[in-house]
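With the hints as your guide, set chains B, C and D onto chain A.
Sequence order for the protein chains is A, B, C and D. For the first sequence, full-length UniProt numbering gives the first residue as 1, with consecutive numbering after it. For the second sequence, full-length UniProt numbering gives the first residue as 1, with consecutive numbering after it. For the third sequence, full-length UniProt numbering gives the first residue as 1, with consecutive numbering after it. For the fourth sequence, full-length UniProt numbering gives the first residue as 1, with consecutive numbering after it.
Take these hints with a grain of salt, some might be off.
What the hints assert, rightly or not - On the chain D side, residues computed to face chain C include the following (Cβ under 10 Å):
| # | residue |
| --- | --- |
| 1 | Thr8 |
| 2 | Arg114 |
| 3 | Gly117 |
| 4 | Val248 |
By construction, these hints were calculated from the structure, which means they are not laboratory data. Since this is a predicted model, take the numbers as computed values, not measurements. Where a beta carbon is used, it is the ideal one built from N, C-alpha and C, also for glycine.
There are 4 protein chains.
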Amino acid sequence: MKRIGVFTSGGDAPGMNACLRAVVKTACADGLEVFGIRHGYRGMIAGDIRALDPAAVSNMLQRGGTLLKTARSPEFATAEGRARAWAHLQQWGIEGLVAIGGDGTFTGAEVFSREHGIPIVGAPATIDNDLYGSDFTIGFDTAINTALDAIDKVRDTANSHDRVFFIEVMGHHAGHIAIHCGIGGGAEFVMVPETATSIEQLIAALNRGRDHDKTSFIVIVAEGGALGDAEVIAARVGEELPALDIRVSKLGHVQRGGAPTAADRLLASRLGNAAVEALVGGASGVMLGVCNDRITHTPFEQAIHTQKPIAAELLKLVDVLSSS
Amino acid sequence: MKRIGVFTSGGDAPGMNACLRAVVKTACADGLEVFGIRHGYRGMIAGDIRALDPAAVSNMLQRGGTLLKTARSPEFATAEGRARAWAHLQQWGIEGLVAIGGDGTFTGAEVFSREHGIPIVGAPATIDNDLYGSDFTIGFDTAINTALDAIDKVRDTANSHDRVFFIEVMGHHAGHIAIHCGIGGGAEFVMVPETATSIEQLIAALNRGRDHDKTSFIVIVAEGGALGDAEVIAARVGEELPALDIRVSKLGHVQRGGAPTAADRLLASRLGNAAVEALVGGASGVMLGVCNDRITHTPFEQAIHTQKPIAAELLKLVDVLSSS
Amino acid sequence: MKRIGVFTSGGDAPGMNACLRAVVKTACADGLEVFGIRHGYRGMIAGDIRALDPAAVSNMLQRGGTLLKTARSPEFATAEGRARAWAHLQQWGIEGLVAIGGDGTFTGAEVFSREHGIPIVGAPATIDNDLYGSDFTIGFDTAINTALDAIDKVRDTANSHDRVFFIEVMGHHAGHIAIHCGIGGGAEFVMVPETATSIEQLIAALNRGRDHDKTSFIVIVAEGGALGDAEVIAARVGEELPALDIRVSKLGHVQRGGAPTAADRLLASRLGNAAVEALVGGASGVMLGVCNDRITHTPFEQAIHTQKPIAAELLKLVDVLSSS
Amino acid sequence: MKRIGVFTSGGDAPGMNACLRAVVKTACADGLEVFGIRHGYRGMIAGDIRALDPAAVSNMLQRGGTLLKTARSPEFATAEGRARAWAHLQQWGIEGLVAIGGDGTFTGAEVFSREHGIPIVGAPATIDNDLYGSDFTIGFDTAINTALDAIDKVRDTANSHDRVFFIEVMGHHAGHIAIHCGIGGGAEFVMVPETATSIEQLIAALNRGRDHDKTSFIVIVAEGGALGDAEVIAARVGEELPALDIRVSKLGHVQRGGAPTAADRLLASRLGNAAVEALVGGASGVMLGVCNDRITHTPFEQAIHTQKPIAAELLKLVDVLSSS
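So here's chain A without its partners, still in its complex pose (with noise of 0.2 Å):
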């Protein structure tokens, strides 16, 4: 192998351009020439690729967002969109690949990869932290951190009015985030996908709070619940409860960008570095991770289809500390 591409794509994360940068400067340094992609799938179709080297990358590691850019390719869906894309990779010399997304990116590289024989490892990177085969995924510690502070803030106007604040917390259809966040902002209740909590829980949690003398409460809530979104939550809680003083924050766009984290420049140069090595040792058709803090293969599929549970203990941690 000595020419190979790499790309974003699907929605941005924090540390992206770590794992770029990491990509980069390992193929550099293993002999290869590597090339950049934009926007992803979409570009590939358009032939958008241009060489990187080193300089191309330097002072990216610290940077949000994505360098590469990134964007939604419906014509990649089709046959006749991933051989336009296959051409232009014979055109470059491009003979492996690497995928920096989350999982509609590995659904393409999977099919793209079956289809044209094109070897294509992936390296994890989501906020939503909902891809199986890595403990966390690329940007995750980044918008927790970002959703904490947010968190913090608000419990300075929660305490200072005695208000009850539901804020919601990106993740997809994943509790992760929310779980996160609830535990590190000391929230009185949390919400996520993967427990069927019920709005009579919820209010007899913030019943017994309040038994207790506690007069501000913040309840973290998931997008993408059965219940609905914060607002609905919200407003049925302040049906029951008419002597509550209500507020919604939904958190939003925020969680998505940044300066990655300490553990996400880690993470991403730890699965970019390794993504090249799998690529050159043959790899292909898997997602890069890290369980245990050792790197782990796992067959996109597997990556995609397998749903990565909330830990039991961080569960049962949120209801002890939760509780007044």
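Okay, now just chains B, C and D, sitting in the frame of chain A:
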């Protein structure tokens, strides 16, 4: 004057505690006794009052929110409510008050002071910066820095995805936060209530940017504008320019919290100090302020009812800098 | 067991309060009474003890430092001192202890527990991450994030002036902070006590970088290395390479403070919870830890005296990524 | 005037890039061509010059350091050096210059402008805030916020260990950073070059605090004072008060870096904009400034040689607030 009271009221703002600390320290240095009234006017009516000494405000300078808590008090809008409050103050021997808050706070203070003859001076604390008589209000600098930090993060995503982000910031009916964030955040467009910007002007600006090959945009929208909130404006733009990938982010309550910035700690300290000196010096019915780096006194009525315009220079600056 | 005591000792670390909160909340949930011993062993000898309930640790999760304070106690190194401490514990009816601290803390705990037969379990809290038996110690993640934030800032100046910066980070006799900051900060060279790096190797690396047209460099130096501190090393490099514009920055005590990160809040919460469960379950003389995401028990002696090596993977990674 | 040049010189300061961006955007809006001179006067002598357009400064508003780099240039102190610089400017057709920097920068600009008749206007950028003619200089607000963040962290440790911390901040020969950090950080004592504070006064203040049961202290020391640096002062206090547990922390170069604050972004934007307007309007030999919220012009010589005093109100405020 031997005994003074201090309270915070209205929406909490970072720096309220720093102001409170300066009130207590100055009063003690002047040989006065200080009493903290919790929950603003509500606590005054309820007699929720306690002595404060420097130890009570130790290590509070850097805390967001307000140690004394804040609340709304419909009862204080009645003569009966105010009479009960007055009775409590007499009981405690409190001869003067420092009110830390915004326009609602000073509206109440003005009536109360006139009605019962107690000297009251105000320290302007609101993130909205919408009080006449002080170049800046306590909390404004922190709020715009918090908002900018969020805007910087959102820009990471906007750049990575070539998106248009509508970011709604606070400000009540004023565009001070929006204009400062627009300039500081390098926004491509800023919508404030003070200028009658139309959707057509916004669309023209977006089109000019696209003509200059701009692919991502940040539009700052002040809450409280005539065209509706950021969601409404974004929807209308989306109808006109369906090719754009548009997202909305309402920064919300995080703008109220957090450790105050250096400028807010200094402003809060100066105003808390000056408030006590003003009370001791015989002032009443005035809001303290800092204009052109000097302490000023502005009658409550003027502070509340005179509009503080956005400087024409800033409106012009945002135009020049947002042009591509 | 009905009554337990808890104390913090040794250098303060962010997350000590989060750990303390988890100890108190778990103990109360388990029906135990908890007593806080102030100033570590010094307060135990002095009988500086008071009851703690959940309200006492409310809103402490996010605070740096330690509510219970910490101190050195030469007197506790004597049998007389320990006998006085023991007398106080008996007087208060304290039947078990949770010690939050580092190697000095656990050395004392080991002797005391053996001598007087009181069960003691430890929660590892030190920014240095130099305790065997836990992948990470409480405070380490916050310290490296604080250091990285500083390194990012220094790089702004290094780049702007084409300078070489030697940045000294903490770590006691271990290079954990340095190696994590080296990778996360994109350092051009990292010097840790664990590897016998020579000045010649450092100079060779700087020369290689200059050959690749690098004009600014960050060299991370762990305190406690055999070659001396960052000043000494910088001076020796300056003699050999007088053309370089060299500066030194010792990050110092800021690394110990600040709000704990998400990871430290979670780790501290888990370990505080596990410590109480361990005590209740009959454990003694062990340090709790989290290894490979599971709670572990390690005898104090082993935790203190076994060296925790830096992973070979990280040493290799820093080499690959720092090459230009 | 058709073509202008812009450069940064002297120590880097956060906001230099924001100022540069405003220069470029304003110039382009005015129909001028702009050329960036790299490495300050050194690059002017070397002819290291390139055209800048808005795209070149895109996304730089929030970056610390300076895109154009900065350097010292002994050669520019000679008539020969300046003649070479002049030749390059003529060659590029540059008819006016915007100099972004501090007193050294403006000293050179004053001579160069007089010698070769080229109009030069300056934008004050230095963290030290030691230029007469602008209430604040670009970078000052960021530097004090960075320093305060560090001081808040050090206070965690000071409180936890009952220690006295001497924290040295930058400021060149002026105490502006120190006095702002002293008030904002709630310091127990502040030592600035502007006031002849003695060790005896410091010791008296520490003793007064101890009499009031204070157990931890923060003393802010400005660099450049007559009594020596923080190490020296701490050592002398340690001799007199051996019971104190004293530590020293020099904040160092971190104070120069980082994303500029809202206030610095605004100030830099205003000054960059005003600098171009001033050049176009025929100004030369002046430093732009913002005094009492209005743009001002101050002759270089006056800006450099007039001392900007610390406001008496601030010195008094620090006294009142630091008393316990």
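Tell me if Gly117/D is really an interface residue toward chain C, meaning its C-beta lies closer than 10 Å to one of theirs.
violated (30 Å)
Going by Cβ atoms only, is Thr8/D closer than 10 Å to chain C?
holds (8 Å)
Closest C-beta approach of Val248/D to chain C relative to 10 Å, hint status
holds (8 Å)
Going by Cβ atoms only, is Arg114/D closer than 10 Å to chain C?
Violated, because the Cβ-Cβ distance from Arg114/D to chain C comes to roughly 28 Å (cut-off 10 Å).
Checked against the numbered hints above, the structure breaks hints 2 and 3 and satisfies the rest.
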